[in-house]
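*Asks:* Chain H is already provided as a structure; the job is to place chain R on it using the hints.
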Amino acid sequence: MNLIDRMANLDRRWIFLMMGLAVGIPIIVIGITGKTLPEEPTPLAQAAFDVLDDLDPGSRILMAWDFDPASEGELGPMATSFIRQCAQKGHRMYFIALWPVGAQMIRSSTSRVIGGYYPDLVYGKDWVDLGFKAGNEAVIKTIVTDFDQYFPTDARGTSVDAIPMMEGISSLADFDALVNASAGYPGSKEWVLYAATPLKKPLVIGCTGVQAPQMYPYVPNQVQGLLGAIKGAAEYESIVNKWVRSEQLLDALESGGITEPASSELAARFAANPTEASTWTTEAAAAAMSPEAKTKLIEIASAPIPGIFLEAQRRMGPQLVAHLLMIGLIIAGNIVFFATRRRGGSQ
Amino acid sequence: MKRIVPLWITAIVGLVLIVSNFLPGTRSWGEEATTWFGIIAAVAFVLGGGSLLKVHLKKISDRNTGWGYSMIVLGTFTATLAVGLFKIGVSPNPSFPDVPWSGDVQGQGTPFWWVYEYVFKPLTATMFAMLAFYIASAAFRAFRAKNFEAMLLLGTAFIILLGRTFAGYFMTSWIPIDGPFSGLRLEELSVYIMQVFNTAGNRAIIIGIALGIAGTSLKILMGLDRSYLGGGD
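Just so you know, the protein sequences line up as chains H and R, in that order.
Everything in the first sequence is counted per the working numbering, starting at 126 for the first residue and increasing by one.
Everything in the second sequence is counted per the working numbering, starting at 1462 for the first residue and increasing by one.
Okay, chain R solo, but in the shape it has when bound:
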């Protein structure tokens, strides 16, 4: 039963979505199914929170390596959740001064806004910014012109890296912009690579992926692929 019901739900909803896409009279069926998806997606946030609690509580109780970090995760998670859910420190909406929870939880100056502005935002921005340092290290140690393909890749990378900055313009600005060789200006060359070579390669990949998705979807709808149910079946 645990496997049959999800299989039928998947098959029916999948068929409804396919049919509604081709038959205008059944469009409302598809809309209904996507509304259910929206509800499930919202509930998934709660499930995600539950899963996070479960994983980290287990790690703490087992005293696994790094359990201290799990303590921090759980502490910050529950604190942020409490601040947002209970609207801690939020003044009531001026239109409804007698309703204590009527205020805007994300409004400027609220504790929730403070957590976002001074904790979440700098932390995520820092994580992303650190990529630059690791890419620089990788550039020195990993990008090797070992063979013809690697040389092509490096050559293209140089053109794009230079063409996407003022250096590209500076180095090739002596080539007349309206002359027959204007396409050799680095900024033009980088656009050409992106629009022609990249587009051709990416279109082929996109078409391949689309065909793969169609094939996999059919297998899932017919119950031939059950890997999404878990359990190694």
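In isolation and in its complexed conformation, chain H is listed as follows:
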């Protein structure tokens, strides 16, 4: 039996093993080294960031988490970064879910991001969990004109009248932007058709790789920002991480006496290249800063990014190897196919 015959009769368990190793080894390597692959944001990821960044702090953002644990691998990191950007910017976040387990997704992402990194945010004033509502697109169609109809209380059973940030919310028109993390129906398409299009509201979508091709036709008029699969999540995550670091550096520079426009320029430079911060503090330009302010600046620039905000970028490693394996398998399968066909023809 030659190589072609062996490959033609290859037990699929070998392929399963290869896929297991293709995913498992990068996970272990990235877990040990902590290194991630560099990400070059595409215009769509940048647009998703810009939609939320262009709004004034305190804007009302409806966050619809329409996914379940099956797709959390792709959408969880997007949800994390959406919350982080809104929390850092000072937007008010209103969480809802059209999927039954979306309620758990809200709890999980808010407790990890807000509970872990933004403990100063006050429930009911800065963010509110309105929970799951059954009815699919009918929920969207109704809250377009009457929000209280479906959401008379929050997920904890508190009347919306007793929640300060619900004051002035009577319909979806009262929100400044919509953010949706979606794994299927009901999800992104329904938010485009029944909410964003008739209300002409900015809509940012994070969806699974399977859904992404169906959402591209709505870009850019009905969907302003689109994150497709873990790649989109990784690009957006890298933008948000860089921006948060830059904001923190800007605060440190300004509190140390460095004013605009120099502070903004320096913050952007140090966010892109953290080692530059320690060099710059020895230069004459940093003479105005106190030693404490310099130490704080270097600390912020060199502080490692928490793992929760690197999840998407870390998952790009396994994705890279798995994709290369898939290409290799397709090529190998075709070589076997054509070799077998030629042999059959010659015989």
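Do not take every clue at face value.
Part of the chain R face toward chain H, derived, beta carbon under 8 Å [as the list claims (entries may be wrong)]: (1) Ala1502; (2) Ala1600; (3) Arg1605; (4) Ala1606; (5) Leu1623; (6) Glu1648; (7) Gln1656.
In silico lysine to any residue, SDA-like type, Cα no more than 20 Å apart, as pairs [as the list claims (entries may be wrong)]: (8) R:Lys1607 / H:Ala133; (9) H:Lys160 / H:Val148; (10) R:Lys1582 / H:Pro225; (11) H:Lys421 / H:Ser389; (12) H:Lys325 / R:Pro1485; (13) R:Lys1515 / R:Trp1528; (14) R:Lys1548 / H:Val226; (15) H:Lys214 / H:Ser236; (16) R:Lys1582 / H:Glu436; (17) R:Lys1548 / H:Gly282; (18) R:Lys1548 / H:Gly256; (19) R:Lys1582 / H:Gly256; (20) H:Lys325 / H:Asp181; (21) R:Lys1548 / H:Arg281; (22) R:Lys1582 / H:Gly309; (23) H:Lys421 / H:Trp368.
Please keep in mind that the hints were generated in silico from the structure rather than gathered at the bench.
Backbone N, C-alpha and C define an ideal beta-carbon position, used for all residues, glycine too.
*Replies:* Here is chain R on its own, set in the frame of chain H:
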């Protein structure tokens, strides 16, 4: 009567929704109809539970193939339902310590939370993760460049697979990003395919589907298509 009443309900509600979309004065009618839909959707959960019980109880009583799995389905279904419905193991809300059922059933540490966190979540994630293994097997056995169309499909798949990872950037990073050939960088090429070819094809499909939905809806509203009532009519 069993068929006439649902037909009339469908026709009236459908017309109300259409009219309310075009005449601002009748918008509240449409909102009322969608509220009914919300109530029906909530009741459908109960019906779904009943249907699940019926199907699996029958399978167990008939001792059909795999009836043991039906036992597991019914056991886990009733256990989860009981834990959630009766708020088993849930401490009362601190604001209402005298009301035993005032606690949050989904709060961290409750049995319902435990079932979700340690049973439902890993099981569903595992099911989805297994796709990777089957896709790899299919890649080896099924994706054949048998003709020109299949070659186009495979070529596009390679560009997208590489363009969506660091490999795409690595392989074509030598092409200047601001040069005239920057569009040939794999990451740019994958975005171009998604935004141009995919969008064009998908828009055509969406428009076709929308026209089909409009046509089918009209047939349903006029009672010409009764297949949704069941019974093979």
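*Asks:* Next, verify each hint and record whether it holds.
*Replies:* Taking the hints in turn, this is what the structure says about them:
1. Interface restraint check: alanine 1502 of chain R against chain H, minimum CB-CB distance 4 Å, threshold 8 Å, status holds.
2. The beta carbon of alanine 1600 of chain R is positioned within 8 Å of a beta carbon in chain H (closest approach about 4 Å), and the interface hint is therefore held.
3. Checking arginine 1605 of chain R against chain H: minimum C-beta separation of about 5 Å stays under 8 Å; hint holds.
4. A distance limit of 8 Å between C-beta atoms decides the matter here; for alanine 1606 of chain R the minimum to chain H is near 5 Å, and the interface restraint holds.
5. Residue-level restraint check for leucine 1623 of chain R holds (minimum Cβ-Cβ distance to chain H is 7 Å; threshold 8 Å).
6. Given the 8 Å rule on beta carbons, the hint for glutamate 1648 of chain R holds: about 7 Å separates it from the nearest Cβ of chain H.
7. Restraint check, glutamine 1656 of chain R versus chain H: the minimum CB separation of about 6 Å is within 8 Å; hint holds.
8. Distance restraint check for lysine 1607 of chain R and alanine 133 of chain H: the Cα-Cα separation of roughly 17 Å lies within the 20 Å cut-off, and the hinted pair is therefore satisfied.
9. Proximity of lysine 160 of chain H to valine 148 of chain H is assessed by CA-CA distance (about 16 Å); at most 20 Å being required, the pair is judged to hold.
10. About 13 Å separates the Cα atoms of lysine 1582 of chain R and proline 225 of chain H, which keeps this hinted pair within 20 Å; it holds.
11. Straight-line distance between C-alpha atoms of lysine 421 of chain H and serine 389 of chain H comes to about 17 Å, which keeps the hinted pair within the 20 Å bound.
12. Restraint check: the Cα-Cα separation between lysine 325 of chain H and proline 1485 of chain R comes to about 18 Å, which is no more than 20 Å; the hinted pair holds.
13. At roughly 13 Å between alpha-carbon atoms, lysine 1515 of chain R and tryptophan 1528 of chain R fall within 20 Å of each other, so this suggested pair holds.
14. Between lysine 1548 of chain R and valine 226 of chain H, the direct Cα distance comes to roughly 17 Å. Compliance with the 20 Å bound is thereby established for this hinted pair.
15. Taken as a hint, the lysine 214 of chain H and serine 236 of chain H pair is honoured in the structure, with Cα atoms around 18 Å apart against an allowance of 20 Å.
16. A threshold of 20 Å between alpha carbons decides the hint, and for lysine 1582 of chain R with glutamate 436 of chain H the separation of about 18 Å falls inside it, so the pair holds.
17. Under the criterion of a C-alpha separation no larger than 20 Å, the hint pairing lysine 1548 of chain R with glycine 282 of chain H is consistent with the structure, at around 15 Å.
18. At roughly 18 Å between alpha-carbon atoms, lysine 1548 of chain R and glycine 256 of chain H fall within 20 Å of each other, so this suggested pair holds.
19. A threshold of 20 Å between alpha carbons decides the hint, and for lysine 1582 of chain R with glycine 256 of chain H the separation of about 18 Å falls inside it, so the pair holds.
20. Distance restraint check for lysine 325 of chain H and aspartate 181 of chain H: the Cα-Cα separation of roughly 18 Å lies within the 20 Å cut-off, and the hinted pair is therefore satisfied.
21. A hinted pair counts as satisfied when its Cα atoms are at most 20 Å apart, and lysine 1548 of chain R with arginine 281 of chain H qualifies at roughly 14 Å.
22. Our distance criterion of 20 Å between C-alpha atoms is met by lysine 1582 of chain R and glycine 309 of chain H, whose separation comes to about 18 Å.
23. Between the alpha carbons of lysine 421 of chain H and tryptophan 368 of chain H the distance comes to roughly 18 Å, so the proposed pair stays at or under 20 Å and holds.
Of the numbered hints stated above, none is contradicted by the structure.
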